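With chain A's structure known, arrange chain B on it following the hints.
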Amino acid sequence: MSAVLRLCLSLLLGLVLAGRAWAIDPLPFADADQETRFRALVAELRCLQCQNQNLADSDAQIAKDLRREIFDQIAAGRSDDEIVAFLVDRYGEFVRYRPPLNANTLLLWLGPALILLGGLVAVGIHLRRRRQTATSSAKPAPTDDEHDW
Amino acid sequence: MNWRLALPLLLFVALGVLLFSGLGKDPKLIPSPLVGKPAPAFAIENLRDPDARVDSAQLRGQPYLLNVFASWCAACRIEHPVLEAYARQGKVRLIGLNYKDRREDAIAWLQRFGDPYEAVAWDIDGRVGLDYGVYGAPETFVVDAQGIIRYKHVGPVSPDVMEQTILPLLAGGGS
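Going down the list, the protein sequences come from chains A and B. If you read the first sequence in our numbering, its first letter stands for residue 17, the second for the next number, and so on. If you read the second sequence in our numbering, its first letter stands for residue 15, the second for the next number, and so on.
Next up, chain A with everything else stripped away, as it sits in the complex (with noise of 0.2 angstroms):
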């Protein structure tokens, strides 16, 4: 019984360092730097297939093909730019991780910020009104805001 239990989870344990084997796929860089580049750029791409993952990340063949083609063409010498603008040319600007600043994606940079500048002056003019209503406490009559709030 044990021998049958110890030899399934070997087996388990088997099938699941063969799937991290090929999640890898080892690569001849020609150099360190080569390899950084490489690094760099499949966590900076994202996998069109499983959406939420990197190249790097991801297992799907598209992402197993790209980084192929990323290492064929970083090893034919490109820079960093063109390969990436030569994915851009194919999947559009969704396989970038960090979209470019342009007219289509300025909220998407600038959005945090002025949600951040927004909450910003609500609260700057809530303490101005409550510094005011505290000088002014003195006086009897209650501003209209405290009837409504």
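Derived from the structure by calculation, the hints contain no laboratory data. On a predicted model such as this, the values are computed, not experimentally measured, just so you know. Idealized CB from N, CA, C, for every residue including glycine. A few of these clues could be false.
As the list claims (entries may be wrong) - Rough simulated footprint, nothing fancy, chain A against chain B, three-plus residues with beta-carbon under 8 angstroms:
| # | region |
| --- | --- |
| 1 | 46 to 53 |
| 2 | 132 to 145 |
Said to hold, decoys possible - If you want a taste of the chain B side facing chain A, the calculated C-beta under 10 angstroms gives, among others:
| # | residue |
| --- | --- |
| 3 | Pro41 |
| 4 | Lys42 |
| 5 | Lys114 |
| 6 | Val148 |
| 7 | Gly150 |
| 8 | Tyr165 |
Frame of chain A; chain B shown alone:
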């Protein structure tokens, strides 16, 4: 009544509308940057005849559908009867791009399910697919008579897609 009381409610409703409008959208659909641009050129082996080539330059003159398919692709079987029916009726000109497939598998698949393609290019390593921004079969491109990509459909082509999108494009941009 102070108007500021209504502000949180208004914000909530606006957010609700925004989020609700996103519900019906399919995040899998990525707009292709190739629409409106010339179809990438290719000249690769003919699936049916290893000695012949399918050359994209020779396909021009009449609009056509470039259908990316593979024998390993389950969804391709769903759209295949639709493509076949329209091709047999002469309503569309159908060119196949057999994507990352083994030749014998692809030929057996076509024998089993029918072969409505005018020509089938054999993209064994997916190089042509890469140029077309293919990220999964099936995908279908509408290419006009001048060789410009007019539309890209990702996923199986349904009769609705054919009638409402593809045929009007072929009729409008054709000849």
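Those earlier numbered hints the structure runs against, lowest number first: 8
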